[in-house]
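Visitor: Below are the chains, spelled out letter by letter.
Protein chains: 2
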Amino acid sequence: MDSQLKLLVEESPDAILVADREGIIRYWNRGAELIFGYTASEAVGKSLDLIIPENLRGRHWEGYWQVMSSGETKYKTGLLSAPGQRRDGSRVSLQFSMIMLRDEAGAMLGCGTVMRDVTAQWEKEKKLREQLADCQAKLPVSAGEL
Amino acid sequence: MDSQLKLLVEESPDAILVADREGIIRYWNRGAELIFGYTASEAVGKSLDLIIPENLRGRHWEGYWQVMSSGETKYKTGLLSAPGQRRDGSRVSLQFSMIMLRDEAGAMLGCGTVMRDVTAQWEKEKKLREQLADCQAKLPVSAGEL
Chain A
-2 MDSQLKLLVE ESPDAILVAD REGIIRYWNR GAELIFGYTA SEAVGKSLDL IIPENLRGRH
58 WEGYWQVMSS GETKYKTGLL SAPGQRRDGS RVSLQFSMIM LRDEAGAMLG CGTVMRDVTA
118 QWEKEKKLRE QLADCQAKLP VSAGEL
Chain B
-2 MDSQLKLLVE ESPDAILVAD REGIIRYWNR GAELIFGYTA SEAVGKSLDL IIPENLRGRH
58 WEGYWQVMSS GETKYKTGLL SAPGQRRDGS RVSLQFSMIM LRDEAGAMLG CGTVMRDVTA
118 QWEKEKKLRE QLADCQAKLP VSAGEL
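Here the protein sequences come in this chain order: A and B. Numbered per my numbering, the first sequence spans residues -2 to 143. Numbered per my numbering, the second sequence spans residues -2 to 143.
It is possible that some hints are incorrect.
Since the list can't tell identical chains apart, any single copy or any two copies may satisfy a pair.
Under the rule of at most 25 Å between Cα atoms (straight-line distance), these lysine-lysine pairs were calculated in the DSS-like manner [unchecked claim]:
#: 1; residue 1: K71; residue 2: K3
#: 2; residue 1: K3; residue 2: K135
#: 3; residue 1: K135; residue 2: K121
#: 4; residue 1: K43; residue 2: K124
#: 5; residue 1: K71; residue 2: K123
#: 6; residue 1: K71; residue 2: K121
#: 7; residue 1: K43; residue 2: K3
#: 8; residue 1: K121; residue 2: K43
#: 9; residue 1: K43; residue 2: K135
#: 10; residue 1: K3; residue 2: K123
#: 11; residue 1: K124; residue 2: K135
#: 12; residue 1: K124; residue 2: K3
#: 13; residue 1: K123; residue 2: K135
The hints are simulated quantities; they were obtained by calculation from the structure and are not laboratory data.
Construct the complete structure from the given sequences, taking the supplied hints into account.
Guide: Here you go:
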């Protein structure tokens, strides 16, 4: 079964990656290649900054060091949302997990993540919000929910 | 790295599972336990029918046998959407990948999937659509887009 799980991870269309305690990318699958535009040989060994938009790096690393030093995260079962940056500089809306990786003695090795590109969904929802705001602006005052 | 990938898969909040050529569940991670409400020991060895709503089973298996016999799927890089069924009978909206698993000689072993519970997003979008329809119904005809 282990070889099948490895194949599943390698071939997943979701970006699956592992970073070590220092935030250096140690594993990068096919989905990450598709979503971000870097091959595994280009990404492995680089900092996660590779895919973090510059204006979000400060906040990212503050959280990352805290999680790595404390071994605790508040996102155990939930999913996070944040924009990522592709090779061509464009933004991608990501929804992702954060999975703590420890050795058998419990020492932190780094973290893993499963990232899904939710740009299309995000844009669909944004368009609906805009259409709703436009419509509400056209309503006569008496028909509005005042 | 293999042991870290295995840990990542085991602990992922996404449901990650493997089914064999016959559609029998062979691997079931922590996320699948959380989303569907069955433990790994309850799910492994059972048919995928465990999580497929009854009215969708015919369509599911038709597609499944076709993929297993042809070794081809049209969903190589994309994501599928379908409702699943939890242990308590309630529905869950799922967005998932389908990853072909083959042995080294290329023979089909089954398939793997990474499933994300998108029920909350789905409901948010549905509510927006309803609000928009309600608003459009209240618009004076002259302000409508006729």
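Visitor: Against this structure, judge whether each hint is valid.
Guide: Taking the hints in turn, this is what the structure says about them:
1. K71 <-> K3: For K71 and K3, only the inter-copy Cα distance (22 Å) is at most 25 Å; the intra-copy one is 27 Å.
2. K3 <-> K135: neither (55 Å within a copy, 55 Å between copies)
3. K135 <-> K121: Classified as both: same-chain Cα gap 21 Å, cross-chain 23 Å, threshold 25 Å.
4. K43 <-> K124: Result: close neither inside a copy nor across copies, 36 Å intra and 42 Å inter.
5. K71 <-> K123: Neither: 27 Å inside a chain and 29 Å across chains, both beyond 25 Å.
6. K71 <-> K121: So K71 and K121 pass the 25 Å test across copies only (24 Å; inside, 29 Å).
7. K43 <-> K3: both (22 Å within a copy, 22 Å between copies)
8. K121 <-> K43: This pair counts as neither: shortest intra-copy Cα distance 33 Å, inter-copy 37 Å.
9. K43 <-> K135: neither (51 Å within a copy, 55 Å between copies)
10. K3 <-> K123: So K3 and K123 fail the 25 Å test inside a copy (36 Å) and across (37 Å) alike.
11. K124 <-> K135: Both ways: K124 and K135 sit 17 Å apart in one copy and 20 Å across, limit 25 Å.
12. K124 <-> K3: neither (38 Å within a copy, 39 Å between copies)
13. K123 <-> K135: Close inside one copy (19 Å) and across copies (22 Å); limit 25 Å.
Violated hints, in rising order: 2, 4, 5, 8, 9, 10 and 12; the structure is consistent with all others.
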